[in-house]
Structures are given as structure tokens and as C-alpha cells.
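Letter by letter, the chains look like this.
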Amino acid sequence: MNRRDILIGLGIALLVAIILSPFASPHPDGLERVAEDKGFLEKGEGKPLVVSPIPDYTFPGIQNEKAATAMAGIAGTLVVFGLGYGLAKLLKK
Amino acid sequence: MHIPDGFLAPNAWVPTWAIAIGWISYCLKKTRSILNDKTIPLMGVMSAFIFAAQMVNFPIAGGTSGHLLGGVLAGVLLGPYTGSLVIAVVLSAQCLIFQDGGITALGANIVNMSLIGTGGGYLIYKLINSIWSGPAGKKIGVVTASWFSVLLAATACSLELAFSGTIPLKVVLAAMVGVHAVIGVGEAIITFLVWSYVMKVRADLLYSYQLMGVNHE
Chain A
0 MNRRDILIGL
10 GIALLVAIIL
20 SPFASPHPDG
30 LERVAEDKGF
40 LEKGEGKPLV
50 VSPIPDYTFP
60 GIQNEKAATA
70 MAGIAGTLVV
80 FGLGYGLAKL
90 LKK
Chain B
0 MHIPDGFLAP
10 NAWVPTWAIA
20 IGWISYCLKK
30 TRSILNDKTI
40 PLMGVMSAFI
50 FAAQMVNFPI
60 AGGTSGHLLG
70 GVLAGVLLGP
80 YTGSLVIAVV
90 LSAQCLIFQD
100 GGITALGANI
110 VNMSLIGTGG
120 GYLIYKLINS
130 IWSGPAGKKI
140 GVVTASWFSV
150 LLAATACSLE
160 LAFSGTIPLK
170 VVLAAMVGVH
180 AVIGVGEAII
190 TFLVWSYVMK
200 VRADLLYSYQ
210 LMGVNHE
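Residue numbers (numbering that gives the first Met the number 0), protein chains in the order written: chain A, 0 to 92; chain B, 0 to 216.
In short, the hints are calculated from the structure, not lab data.
We put the CB at the ideal spot given by N, CA and C, even for glycine.
Hints should not be assumed to be uniformly reliable.
Stated by the list, open to error - Quick look at which bits of chain A chain B covers, simulated, 3 or more residues with Cβ under 8 Å:
#: 1; stretch: 4–10
#: 2; stretch: 13–19
#: 3; stretch: 23–34
#: 4; stretch: 58–65
#: 5; stretch: 78–88
What the hints assert, rightly or not - Quick list of simulated restraints, FRET-style, between CB atoms:
#: 6; chain 1: B; residue 1: 37; chain 2: A; residue 2: 61; range: 34 to 40 Å
#: 7; chain 1: A; residue 1: 64; chain 2: B; residue 2: 132; range: 47 to 53 Å
#: 8; chain 1: B; residue 1: 10; chain 2: A; residue 2: 89; range: 29 to 35 Å
Said to hold, decoys possible - Calculated lysine-lysine pairs in the DSS-like style (CA-CA distance at most 27 Å, straight line):
#: 9; chain 1: B; residue 1: 138; chain 2: A; residue 2: 88
#: 10; chain 1: A; residue 1: 92; chain 2: B; residue 2: 37
#: 11; chain 1: B; residue 1: 199; chain 2: B; residue 2: 137
#: 12; chain 1: A; residue 1: 92; chain 2: B; residue 2: 29
#: 13; chain 1: B; residue 1: 37; chain 2: B; residue 2: 138
#: 14; chain 1: B; residue 1: 28; chain 2: A; residue 2: 91
#: 15; chain 1: B; residue 1: 29; chain 2: A; residue 2: 91
#: 16; chain 1: B; residue 1: 125; chain 2: B; residue 2: 138
#: 17; chain 1: B; residue 1: 137; chain 2: B; residue 2: 125
#: 18; chain 1: B; residue 1: 125; chain 2: B; residue 2: 29
#: 19; chain 1: B; residue 1: 199; chain 2: B; residue 2: 37
#: 20; chain 1: A; residue 1: 92; chain 2: B; residue 2: 28
#: 21; chain 1: A; residue 1: 42; chain 2: B; residue 2: 137
#: 22; chain 1: B; residue 1: 137; chain 2: A; residue 2: 88
#: 23; chain 1: B; residue 1: 29; chain 2: B; residue 2: 169
#: 24; chain 1: B; residue 1: 125; chain 2: B; residue 2: 28
#: 25; chain 1: B; residue 1: 169; chain 2: A; residue 2: 91
#: 26; chain 1: B; residue 1: 37; chain 2: B; residue 2: 137
#: 27; chain 1: A; residue 1: 65; chain 2: A; residue 2: 46
#: 28; chain 1: A; residue 1: 88; chain 2: B; residue 2: 28
#: 29; chain 1: B; residue 1: 37; chain 2: B; residue 2: 169
#: 30; chain 1: B; residue 1: 125; chain 2: B; residue 2: 169
#: 31; chain 1: A; residue 1: 37; chain 2: B; residue 2: 169
#: 32; chain 1: B; residue 1: 125; chain 2: B; residue 2: 199
Okay, chain B solo, but in the shape it has when bound:
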């Protein structure tokens, strides 16, 4: 869902860059107070893993593919602020090194996949947790939030494209939501599998556990 240069007009990419800078600054401030010696390397490892996983496009119907965005994965493992930074680091590297996503559109891509994908996705995860407590609620939360994070990012992307005058909103929104409803299933499956694995082997690294002061190391 990386928007290239040329898709967005200045009336869309300038304000989204401003929002992205504000969000990143806020996340940097919050992360500074959360990180500790044990979790510093985790930020590097998560960035590396999400970058690598994003390279693996999986096929969906109709000659189309999707790949992990990783917003909710980063959010549940590192918390919404550090997780958002991880996604922003990945997006920036993809843009500058691999020509994946445009430099003018980087702000919009950060808004869609970091602010909305991680921040918004994490909110959905917490909301479900508050309704449905316990391990089952966590599982349902991870799966549901992952799926919705992709849908919400696709919706935001559609709004930016429409606002730019690239394509009418009702045309792009239906198409984007339709295809990402399927891609979101892949997102939910991968996120659930990776999250379950980390829960099993190193639950002490998880953000929610750190907040509770549980640390096994």
C-alpha cells in the first residue's frame, strides 16, 4: 500500500507530511520514557523482521498480491509509540533505499501505516481487550485489530487519493476496501502466528507484560 510519487497532489501530501512529523515527534518522546536496556535491541530486531516480512508478497485472487504491513504486530509487541517508530523506520528505508513509496508520499504512508496502522490498530486491540478479557480476548484482539488496521489504512489511502483529485472517492474507496478486505486476512494470519510465537518463547519482551512489571530475565 506504499503510495508512490505522483499519486498525491500537494494539497494531500503537504498536510500528511505535517501530521506524520507531529506523530513521529510524539512517538519519539513517548518511546524515550519507555525503552530500557532490554528492549533497545528489540526495536532493531522488530524493524528488521517487519522489513523482511514486507518483502514477502502473498498471492490473493485476481492476479493481485498483498504483504504484511505489520502495524498491529509492532504495536502489540512494542507498544503503540515504539511500534509506530518501527513502521516509520521501515517505510523511510523502503522509500530511500528501495524506491518503494515516494518521498513526497512518505508522510501519507506514515499516516496510513504508522499512525493509523499501528496507533489505530493498537486502539482496536485495547478496545477488544477491555470488552473481552483473558487470553481469548487477546487472541481475538490481535486478529481483529490486524484486519481492521489494513482496512483503515486502505480507507485513509483512498481519501488521500480522492483529495488529490487523482480519482473520485466512491470509485477508489470501494476498490481499495474490497481488495484489502482480502489482504487483511493474510495480515491477521501472519500477525497472529508471529505474535503467538513470541508469546510462547519470550512473553517477557511484550509491551503489556513490561507495563505490569513482569520480567523473567
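The following block holds chain A by itself, in its conformation from the complex:
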């Protein structure tokens, strides 16, 4: 995989994060739906044990909801790329 391949691959991931994620369905996912229907959703609604910098994929300080999601997507995609790449590099050292 050369530099060009990396840029194309990362570019596709970023496009998905920027263009598609703001239009994701806001409905609860399968597990949340079941938790709601079966009445155990509130068990998971306590105080979070770790403080997350970007809770619920909404970048803090951005008013526009879609822009905040897209920004969270960009940040996450780049961080996760770095983590995956970094881990692979470390393993090969």
C-alpha cells in the first residue's frame, strides 16, 4: 500500500464521515430499541464512568447539529486511523 492508496482509502473514510454520517438515522439502534421496549434502558443512563471529549458524536461548540456530527466524524476517523496505523507500526518494530 503506497501513499496514494492510503490517501484514497482515508479519503473514502472521511467522505463517509463528512457526507453520510450527518444524515444517519436518528432512531435507536437494535440494542437500544430492545432496552427501551423491555424496560431496562434507564439502567444505562447513569453518570458515565469516563468523561468523553466528544459525547454522542456531537463536536462541542458547534451550533449546527449536522456540522457538529460531521466534525466529530472527521476527528474520529483521523484519530482511529492514527491508532490503527500506530498499532501496526508498533507491532512491526
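Chain B: place on chain A using the hints.
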């Protein structure tokens, strides 16, 4: 299917954390011997893509949504061990940065979506390949394994919830399997489309090709 903190009792999250640590350690060891200079960046790119794709919830019936888990996708593209690591990286980042999935439940989430989703999904893919060889077998393998990986992850999730005393098994299992049977169709479609695309443009990067020593670069 990311379990938040509070859903699982210690009798479920402690052992699943232990299993997750064991699985990750094993995958790290195996990956070390598989990775090469060409595939190192692929691990970063796949992690990034699966993270981004998981953000895109697609609607299913009844005011519910689903999203790609990506276990089989990572498994067929990178192999079961490296693929499992990719999913674990994504799950960890989602938990720590985005509050998606709890820290106590991270072990269970890794067991469900990495060990079972990728490892188990890959086994199903290979099993189908051994019965039905050739390109058709690969296609059927990818589609079937993707669907089953979601169902198996949902089943494991149900067992963990029941074991925690959160909800009786027969109540949660029927509901989880029912909704994920539909979400799994989305998983199968997305996995097939992305896998077909990579096969078309860069088949040389695929795990099975590397094992055969075919490399076009």
C-alpha cells in the same frame, strides 16, 4: 449493539473483560507475524473506514436503526486476527472518545463484535468456502457470514444481559435476534458492496491473496 455501562453486572463484565484481553493478546501475537510493510497502513485505513461506516445508522422498520458492525468485512480483508484488532481499536475509541459503549462493558463489546463478530464470522466464511469453492462460494460466504456475525453477536449480547440479571434470557433473546435478523441484512449488503469494490480495485491487498503469495504491487 454497543452495551453501555449499567447494563451488565460484574459477574458478566469481569469475565468478558478477561476473555477480551486474552483474545486481543492472541491477535496481537498473530498479527505481528502476518503484517508487512504493505499491509501496515491498511490496518489504519480499515480502522478509519469501519469507524466512519459505523456512524451511518440506516433505518429499519419500527423506528429502529442499525449500522455496520464490520466484523466480517475486517476479517475477509485483513484476516481474522488483524481484523479483530481493527474492530477492537474502533470499539475502544468509540468508548473513550464518543461515550458509545461503556468502559465496564468494553470487554463484552470486544467479545461480541471482535471475537464473535470477526473471529466467528471469519470461521463461517471459511466453512462456506470449503463447501462451495470458487468466486460464487466467496460471494455467498461473505454475505452469509456477515448476516450470521450480527445474529451471533446479538445472541452473545443477550446472554450477557441475562447473566447479569438485567432481563430474562427468553425475553431478550427473542427481541434481540428478531431485530438483528433485519439489521444483519444491512450488514450483509454493505459488507458485500465494500468487499466487491476492494476485490475489484485492490485484490492484492486481501488476506487470502497474501496467503497464496499473490502480490501485484
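### Query
Does the alpha-carbon distance linking residue 125 (chain B) and residue 28 (chain B) stay inside the 27 Å limit?
Status holds; Cα separation ~21 Å.
### Query
If you draw a straight line from the CA of residue 137 (chain B) to the CA of residue 88 (chain A), is it 27 Å or shorter?
30 Å, violated
### Query
Do residue 64 (chain A) and residue 132 (chain B) keep their Cβ atoms within the hinted range of 47 to 53 Å?
This hint holds: roughly 49 Å between Cβ atoms.
### Query
Given the hint that residue 65 (chain A) pairs with residue 46 (chain A), does the C-alpha gap stay at or below 27 Å?
Judged against 27 Å, a Cα distance of about 26 Å means the pair holds.
#### Entry: Pair hint outcome, residue 138 (chain B) versus residue 88 (chain A) [Cα-Cα no greater than 27 Å]
32 Å, violated
### Hint consistency between residue 37 (chain B) and residue 137 (chain B) [alpha-carbon to alpha-carbon, up to 27 Å]
Holds - the C-alpha atoms of residue 137 (chain B) and residue 37 (chain B) are around 24 Å apart, at most 27 Å.
### Pair hint residue 125 (chain B) and residue 29 (chain B), alpha-carbon separation not exceeding 27 Å
With Cα atoms ~18 Å apart, residue 125 (chain B) and residue 29 (chain B) stay inside 27 Å; holds.
### Query
Is the hinted pair residue 125 (chain B) and residue 138 (chain B) satisfied, with a Cα-Cα distance of at most 27 Å?
With Cα atoms ~12 Å apart, residue 125 (chain B) and residue 138 (chain B) stay inside 27 Å; holds.
### Query
Taking only the CA atoms, is the gap from residue 92 (chain A) to residue 29 (chain B) under or equal to 27 Å?
Status holds; Cα separation ~14 Å.
### Message
For a C-alpha distance cap of 27 Å, please report whether residue 29 (chain B) and residue 91 (chain A) respect it.
### Response
12 Å, holds
### Task
Compare the distance between the alpha carbons of residue 199 (chain B) and residue 137 (chain B) with 27 Å, and conclude whether the hinted pair is satisfied.
At roughly 14 Å apart (the allowed maximum being 27 Å), residue 137 (chain B) and residue 199 (chain B) satisfy the hint.
### Task
Examine the stretch 78–88 of chain A: at least three residues should have C-beta closer than 8 Å to a C-beta of chain B.
holds (count 11)
Against the hints set out earlier in the document, violations occur for numbers 4, 9, 21, 22, 23, 25, 29, 30.
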